[in-house]
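Chain B: place on chain A using the hints.
For reference, the chains in residue letters:
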Amino acid sequence: MLAFILRRLAQAVVVMLTVGVIAFALFHYVGDPVVFMLGQDATPEDRARLTRELGLDRPFYWQYAGFVARALHGDFGFSLRQLRPVSALLAERLPATLELSLAAALLALALGVPMGVYTALRRNAWLSHLLLAVSLIGVSLPTFLIGILLILVFSVDLGWLPSFGRGETVSIGWWTTGLLTVSGLKALILPSITLGLFQMTLIMRLVRSEMLEVLRTDYIRFARARGLTDRAVHFGHALKNTLVPVITITGLQLGSIIAFAIITETVFQWPGMGLLFIQSVMFADVPVMAAYLCLIALFFVLINLVVDLLYYAVDPRLRIERAPAAT
Amino acid sequence: MSNLVEHIRRLQPELARGASLPRIPLRCIRATMLAVLVAAVCVVAGPVRAKAFIYANQGDTLSMDPHMLNESLLLNFTGNIYESLVGRGRKLELEPELATDWKRTSPTVWRLNLRKGVKFHDGTPFTADDVIFSWQRARGEGSDVKTYVGQIKEIRKIDGHAIDIVTTAPFPILPDVLTLWRIMSKSWCEKNSAVRPVDVRKGTENHASNHANGTGPFMLKSRQPGVRTVLVVNPNWWGKPEHNVTEAQFLPIANEATRVAALLSGEIDMMEPVPLQDVQRLRNDARLKVMQSPELRTIFLGMDQKRDELTYSSVKGKNPFKDRRVRQAFHQAIDIEAIRSRIMRGAATPTGLMVAPGIQGFDAALNKRLPYDPDAARKLLSDAGYPSGFEVGMNCPNDRYVNDAEICQAVAVMLARIGVKVNLMAETKATYFPKVLSRDTSFYLLGWTPGTYDSHNPLFAVLSTPGEGGQGQFNLGAYSNARVDELTRAIGSETDPVKRQAMISEAFKLHAEDVGHIPLHQQMLTWGMKNNIELTQRADNFNYLKWVVIR
Numbered sequence: 001m002l003a004f005i006l007r008r009l010a011q012a013v014v015v016m017l018t019v020g021v022i023a024f025a026l027f028h029y030v031g032d033p034v035v036f037m038l039g040q041d042a043t044p045e046d047r048a049r050l051t052r053e054l055g056l057d058r059p060f061y062w063q064y065a066g067f068v069a070r071a072l073h074g075d076f077g078f079s080l081r082q083l084r085p086v087s088a089l090l091a092e093r094l095p096a097t098l099e100l101s102l103a104a105a106l107l108a109l110a111l112g113v114p115m116g117v118y119t120a121l122r123r124n125a126w127l128s129h130l131l132l133a134v135s136l137i138g139v140s141l142p143t144f145l146i147g148i149l150l151i152l153v154f155s156v157d158l159g160w161l162p163s164f165g166r167g168e169t170v171s172i173g174w175w176t177t178g179l180l181t182v183s184g185l186k187a188l189i190l191p192s193i194t195l196g197l198f199q200m201t202l203i204m205r206l207v208r209s210e211m212l213e214v215l216r217t218d219y220i221r222f223a224r225a226r227g228l229t230d231r232a233v234h235f236g237h238a239l240k241n242t243l244v245p246v247i248t249i250t251g252l253q254l255g256s257i258i259a260f261a262i263i264t265e266t267v268f269q270w271p272g273m274g275l276l277f278i279q280s281v282m283f284a285d286v287p288v289m290a291a292y293l294c295l296i297a298l299f300f301v302l303i304n305l306v307v308d309l310l311y312y313a314v315d316p317r318l319r320i321e322r323a324p325a326a327t
Numbered sequence: 328m329s330n331l332v333e334h335i336r337r338l339q340p341e342l343a344r345g346a347s348l349p350r351i352p353l354r355c356i357r358a359t360m361l362a363v364l365v366a367a368v369c370v371v372a373g374p375v376r377a378k379a380f381i382y383a384n385q386g387d388t389l390s391m392d393p394h395m396l397n398e399s400l401l402l403n404f405t406g407n408i409y410e411s412l413v414g415r416g417r418k419l420e421l422e423p424e425l426a427t428d429w430k431r432t433s434p435t436v437w438r439l440n441l442r443k444g445v446k447f448h449d450g451t452p453f454t455a456d457d458v459i460f461s462w463q464r465a466r467g468e469g470s471d472v473k474t475y476v477g478q479i480k481e482i483r484k485i486d487g488h489a490i491d492i493v494t495t496a497p498f499p500i501l502p503d504v505l506t507l508w509r510i511m512s513k514s515w516c517e518k519n520s521a522v523r524p525v526d527v528r529k530g531t532e533n534h535a536s537n538h539a540n541g542t543g544p545f546m547l548k549s550r551q552p553g554v555r556t557v558l559v560v561n562p563n564w565w566g567k568p569e570h571n572v573t574e575a576q577f578l579p580i581a582n583e584a585t586r587v588a589a590l591l592s593g594e595i596d597m598m599e600p601v602p603l604q605d606v607q608r609l610r611n612d613a614r615l616k617v618m619q620s621p622e623l624r625t626i627f628l629g630m631d632q633k634r635d636e637l638t639y640s641s642v643k644g645k646n647p648f649k650d651r652r653v654r655q656a657f658h659q660a661i662d663i664e665a666i667r668s669r670i671m672r673g674a675a676t677p678t679g680l681m682v683a684p685g686i687q688g689f690d691a692a693l694n695k696r697l698p699y700d701p702d703a704a705r706k707l708l709s710d711a712g713y714p715s716g717f718e719v720g721m722n723c724p725n726d727r728y729v730n731d732a733e734i735c736q737a738v739a740v741m742l743a744r745i746g747v748k749v750n751l752m753a754e755t756k757a758t759y760f761p762k763v764l765s766r767d768t769s770f771y772l773l774g775w776t777p778g779t780y781d782s783h784n785p786l787f788a789v790l791s792t793p794g795e796g797g798q799g800q801f802n803l804g805a806y807s808n809a810r811v812d813e814l815t816r817a818i819g820s821e822t823d824p825v826k827r828q829a830m831i832s833e834a835f836k837l838h839a840e841d842v843g844h845i846p847l848h849q850q851m852l853t854w855g856m857k858n859n860i861e862l863t864q865r866a867d868n869f870n871y872l873k874w875v876v877i878r
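Heads up: the sequence lines are chains A and B, in that order.
Note that my numbering gives residue 300 to position 300 of the first sequence, counting from 1, and the numbers run on in steps of one.
Plus 327 on top of the position in the second sequence (first one is 1) and you've got my numbering.
For reference, chain A alone in the conformation it holds in the complex (with noise of 0.2 Å):
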């Protein structure tokens, strides 16, 4: 199992030493930092220190050899933008940006997983075919329309809910939450709804097929002769052998989710890292950007290393497979 977990992290420096040489490659595309970070008075000749100065005029492999090497000292450069330690912004970003994915994955997990199992057991009933219908809204429906109409109704014409921001926040250490005040947590709704909908239609889907699929199977027609309880076949038997799947997809799309907040904090103005990597692109403030990726690439190697562990706690024949080749 150790051998395992090591095998993984190293594989982990792998993805994140190549989603680097990628962005450093594209970087070259994004444009010049240089010309905001003087203003409009500043000579041609002040542009063309500066550059120098930053290294910006040297090849993308140079500039990500250096990225590299103040990496493994603990330096992740400067922000161009902010001129602020990246280490220090993606620190103060990252709570923000956790815990709206965590709400939205959670959400999803607990309104789809019931939603599929109900959706799978009373397949001709009127409430499943409007959760369908309505679930189709929410896989096709691009994530800031439907931030943006939800601000619409909840926060404009209702006015129950805000339109942006996160509210106050607590800070405990470092971390900085919302969970803890009254404002933070109102302010959570919307966009968590708005992030964990087409995951939360996806699992539901997902459930449904994998309910009906297994509730055919042989075994829940010998647990249905034993004589159980509806109950217990539902939930004990066929619910819990449709988790393996549910399991792998909705830790990748935990992964998705962090990465795809983008979009979600940008319609809501909810300061994590998506926000800031938005506004970096836009300044082309390349130490972030790197930042950035490297970390997201390090979340979905992390994630997908629980989900493998989570196998071995859900799937018995995992284990037993396992275990003569261990001895």
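Heads up, a few of these hints could be off.
[Said to hold, decoys possible] Estimated spans, in silico, between C-beta atoms of each pair: (1) E636(B) - Y29(A): 22 to 28 Å; (2) K443(B) - R49(A): 24 to 30 Å; (3) I459(B) - L26(A): 44 to 50 Å.
No lab work stands behind these hints: they were computed from the structure.
We treat Cβ as the ideally placed atom computed from N, Cα and C, and that holds for glycine.
Showing chain B alone in chain A's frame:
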């Protein structure tokens, strides 16, 4: 209010003595106390809350350091905290700020008397030493406001509250240029190792980036970069407040729809800019109003007049833009009224000049466009040897000016009517500016706001032949007229206002006759706010809290 306080006061000693306790049940007293307290809090909180001002912009001010970036949002926001020697009023007129008066004592020497009794927010008094320190800071490494102090050779301290500013050459617009150079506290900067603005090359943080200590009407209370910056009123400000804001929150909301929604839902008091497509919607809302007025920025088109063959064109072996008739044909092919009414939805003032009203040197008599006349334009083109037109590439930003890409699209369509096929390349400012600044363009759209509020600035940076020290560096098509260059040099040091104006007018007239650039319009500032807000929309897009009144 006083009754309530009186009531509580009378109640308290009795309760303390326990005198009336036996007669009134405890629960009743508690309830009464609570009710009184709630009422009292409401009464107290009422007017205070009414004077909190929450406003949003599409971007955040990047720093609290007034010398870090020569950019209007940063200069505007930090201008609530820091002040300059010379200020500008609601109509951009010069007015005393930290200097009470100024006069020229010789062609290159200005005597300024400094305001007495002014204190920085940390309580230290403001003196001539702070001015000299701020000059050194602004001209030093890491500063982006060097342009405002670049002409200063020396600042002599006469006494604690009088200085002589010596310029390298006669410099008639010194007071104008001083308005955006803010004064910082010498002792505070030295104590907090903020003697220089933060330098990205050094990679160290700077106290002044997120803290502030100025002399202005507002003090920094808290700052979360990119999220929220809170200012509170400075009770010891030297001036007489014309505002009633006790606390102000500044929020960046980048997404246009969200920013509009925040105003519609009443979460914020004011925001800018209002997207043009939402102006009518805000106007229709009885609780809101929209303020529009022309900005100082002039939007114009430029053409490569230097290369012998255009980089992006179907014409080979020669450069059609070298022919004045082609440039004039382009000018006359543009239906500026259609751009104003359709693309800009009325929020633009067409212009024939490269500077806006409000800029020193603006000459209303010269502000005439050539008439829109496609037939004349076609004739000019065929006279120039292009009866069936030609193809040309056009560069355009799509996120820098109001509806910039749409303007370019409209221009492309209008030019198609005279046979010119435009290959439009609209892109984000992060890639657009590096490209056009390296002059990798044949035809482009640009906007210019003179940072000095004076015509010399665009004459030097946009109309002069490209040369040393930033001369003509935004003259991306390298328009060149030796007489304009000569006049620009003379305008820089001419101290007689009448002669100076004559030279400015002559330079603009020559440029217009050459059709050196094609001026289009001044875009409108468009701000949305609640009905109970009164403020001053200054033409340089500054919104000072010292002029905000909440009814």
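These are the hints, each one checked on the structure:
no.: 1; hint: E636(B) - Y29(A): 22 to 28 Å; verdict: 27 Å, holds
no.: 2; hint: K443(B) - R49(A): 24 to 30 Å; verdict: 41 Å, violated
no.: 3; hint: I459(B) - L26(A): 44 to 50 Å; verdict: 47 Å, holds
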